[in-house]
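One line per chain: the protein sequences are A and B, in this order.
Our numbering numbers the first residue of the first sequence as 1 and each following residue consecutively.
Our numbering numbers the first residue of the second sequence as 1 and each following residue consecutively.
None of these hints come from the bench; they were simulated from the model.
Quantities reported herein were computed from a predicted structural model and do not represent experimental measurements.
Treat the hints with care, as some may be off.
Stated by the list, open to error - Cut-off 25 Å, straight-line C-alpha distance, at most; resulting in silico cross-link-like pairs (BS3-like, lysine-lysine):
1. K222/A with K375/A
2. K135/B with K161/A
3. K244/A with K284/A
4. K222/A with K284/A
5. K222/A with K161/A
6. K161/A with K244/A
7. K78/B with K161/A
8. K90/B with K222/A
9. K222/A with K135/B
10. K286/A with K244/A
So the chains spell out like this:
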Amino acid sequence: MEPVIQGITLILEPYNLLLILGGVVMGVLVGALPGLSSTLAVALLLPFTLQLQPIPAIAMMAALYCAGTFGGSITAILINTPGAPPAVATALDGFPLAQRGEAGRALGIAAVSSVCGGMFSLLIFIVAAPMLAKIALSFRPQEYFALALFGLSMLASISGKSSLRNLIAGAFGVLVATIGIHETTGVERFVFSIPEFVEGIGFVPVLIGLFAMAELLNQSSKLDSAVERVKSIAIKLPSMADFKLIRWTVARSAVIGTFIGILPAEGSTVAAIIGYNEAKRWSKNKEEFGKGSIIGIAGPETANNAATGGAMVPTLALGIPGSGTTAVILAALMVHGLRPGPYLIQNTPHFVYAIFTAMFIANVLFLILGLPGAKLFARITLIPRQFLWPAVFVFSMIGAYALNQSLFDVWVMLLSGVLGFFMLRHGFGPAPFVMGLILGRLVEENWSRAMIIYDNNFLRFFESWIVDLFLVLTIIGLFGPFIFRQLNVLMNKMKPEGRVLED
Amino acid sequence: MDGKGGTWLPSFLHPTDLWITLVLLAIGAFLFYETSTWETAPPAFSQNIPPTFFPRLVLGIIIFLTLILPFESHYAIKQGTDLDEDRSAKVERITYITALGLLFIVTLSEWLGTDLSMVLACVLLPMLWGERRLKIIIPFAIIFPLVVRLVFVEGLMVHFLPGILEPILG
Numbered sequence: 001m002e003p004v005i006q007g008i009t010l011i012l013e014p015y016n017l018l019l020i021l022g023g024v025v026m027g028v029l030v031g032a033l034p035g036l037s038s039t040l041a042v043a044l045l046l047p048f049t050l051q052l053q054p055i056p057a058i059a060m061m062a063a064l065y066c067a068g069t070f071g072g073s074i075t076a077i078l079i080n081t082p083g084a085p086p087a088v089a090t091a092l093d094g095f096p097l098a099q100r101g102e103a104g105r106a107l108g109i110a111a112v113s114s115v116c117g118g119m120f121s122l123l124i125f126i127v128a129a130p131m132l133a134k135i136a137l138s139f140r141p142q143e144y145f146a147l148a149l150f151g152l153s154m155l156a157s158i159s160g161k162s163s164l165r166n167l168i169a170g171a172f173g174v175l176v177a178t179i180g181i182h183e184t185t186g187v188e189r190f191v192f193s194i195p196e197f198v199e200g201i202g203f204v205p206v207l208i209g210l211f212a213m214a215e216l217l218n219q220s221s222k223l224d225s226a227v228e229r230v231k232s233i234a235i236k237l238p239s240m241a242d243f244k245l246i247r248w249t250v251a252r253s254a255v256i257g258t259f260i261g262i263l264p265a266e267g268s269t270v271a272a273i274i275g276y277n278e279a280k281r282w283s284k285n286k287e288e289f290g291k292g293s294i295i296g297i298a299g300p301e302t303a304n305n306a307a308t309g310g311a312m313v314p315t316l317a318l319g320i321p322g323s324g325t326t327a328v329i330l331a332a333l334m335v336h337g338l339r340p341g342p343y344l345i346q347n348t349p350h351f352v353y354a355i356f357t358a359m360f361i362a363n364v365l366f367l368i369l370g371l372p373g374a375k376l377f378a379r380i381t382l383i384p385r386q387f388l389w390p391a392v393f394v395f396s397m398i399g400a401y402a403l404n405q406s407l408f409d410v411w412v413m414l415l416s417g418v419l420g421f422f423m424l425r426h427g428f429g430p431a432p433f434v435m436g437l438i439l440g441r442l443v444e445e446n447w448s449r450a451m452i453i454y455d456n457n458f459l460r461f462f463e464s465w466i467v468d469l470f471l472v473l474t475i476i477g478l479f480g481p482f483i484f485r486q487l488n489v490l491m492n493k494m495k496p497e498g499r500v501l502e503d
Numbered sequence: 001m002d003g004k005g006g007t008w009l010p011s012f013l014h015p016t017d018l019w020i021t022l023v024l025l026a027i028g029a030f031l032f033y034e035t036s037t038w039e040t041a042p043p044a045f046s047q048n049i050p051p052t053f054f055p056r057l058v059l060g061i062i063i064f065l066t067l068i069l070p071f072e073s074h075y076a077i078k079q080g081t082d083l084d085e086d087r088s089a090k091v092e093r094i095t096y097i098t099a100l101g102l103l104f105i106v107t108l109s110e111w112l113g114t115d116l117s118m119v120l121a122c123v124l125l126p127m128l129w130g131e132r133r134l135k136i137i138i139p140f141a142i143i144f145p146l147v148v149r150l151v152f153v154e155g156l157m158v159h160f161l162p163g164i165l166e167p168i169l170g
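Next comes chain A alone, as it looks inside the complex (with noise of 0.2 Å):
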């Protein structure tokens, strides 16, 4: 009990909760930003928190991501323009919804179904993540290398159009992991004489440019975009009869999107994704959707948040980042010197409490924030992408500087942001890579030492069932998509309306 006390209480001092609000208040906004993702925005938080402590620091950064998913659903009811793409779902109903001067309603919906689903997942993640690191507590450097290399399988189903593009962008990610000096040998690897590569490629650098960097060369071919506005908004809140409406849907979405979230690399798009077309798949008036159905703004709704929670359990239990925006928080705890992982929650337990605090808190403040502030949040999208992004490039530059005070660091986030915009253009994401950067050390320390410890016989791995369990999860994780676009088609024959929503 004394862990869970410490951990709240260190949440509620008030220097603390200015941090949360601020991180609340950010994430909404960078939410609401077209182009600007909350994974972006976490990266970007990451040299801001340098001065610190590490739980004030990781309390910001995942109110940020709770507030940030949330955030991209204002701008995608009001405007049709999904701040991030975990809202690209719900732009589908909430949007037609605004039109029939019922936008309060809609973001009524968004706001309820988003808290419902985060609060869930919560409740998954205060459970989960403890007993779970219990169970990881008794992992020896097989099973870890089994644990990794199926977290680089699910790079196979994170949301893109192509598995075979993300396992290709995350297997460049460990590839690029390597870097450096090798641990065992003490060899350097992939060095080409440059001093600055021994000590490895830094996360910093790399996620600020993959992640903002790509997006500012891609924003600057849509600067004369123009958005549909809504033109005004009536704020009319959701009913009980609303309510009553969604809670079947509400309560399946947040079970999805926690699952989905627990998932090694699934984020909130897919879960978004799925929590829509599940809804549809359940409704009785399937003829509504897309034209302003509130079931069809709470399902996607619902799932997005409580992924959110769902993605804090392997991240912090295990060391394997649930999506990735968690990925770049992992990134976080390594640079704050923590080292992510069962350890982590056996030694300071109170960590996961006050995370879990900040998260709860980050909820509710963003349903009080977020409702009758939405209008004035929309308004962020006032704001000339000619001076958007410029601010964006001067934050990135500063922030890949900050953390060692070097320039090589700049040029290593420019360089990573221009191969980031090729990236994208052609399908290959930059999560992958970063997943496949973060998981290519855990994947090879604990190879190294599994096959040190069996004396160089890799048949001896399979002696352990927690090797075997995950060696077939990794296969399902890389064969899944294939077999489940296969069902997919051979449902879709037999079934004349074929499928709801693709990802």
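Model the placement of chain B on the given structure of chain A, informed by the hints.
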């Protein structure tokens, strides 16, 4: 290149993806060669896991996956997924100009110093992107870098490169 114009290729091969494959294979081959130039650690020291083992394994996986890449689009279209959707439009000139602008700013940043680099970014990028209202650009280029300086230098104790402002900033 949208990948749909290569009539000289069989229809199951995607021209753009074929180019990407060739580039990735060339990178893979170069990196594989690079692993052969590394120092060798004695087996006892490396405990029979040479430093080249894991990178070569990953490179092998990359090469294997890359070889499937040119055929993927053909298969994806059959599944109803258009992999060319995001790359159907050409990269606009402004994107290249922006990239060059960023390169220019970062190249000059050591000489200019962090503060002037921020000012340059706040002037150059909006102007590159068509903004001509100096009454907005000038206050933005002064106030924004000042705020960033205040947060990072005073708040977070980050040392900014003084550059040519060294005589003034000390």
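Numbers of unmet hints, in rising order: 2, 4 and 6
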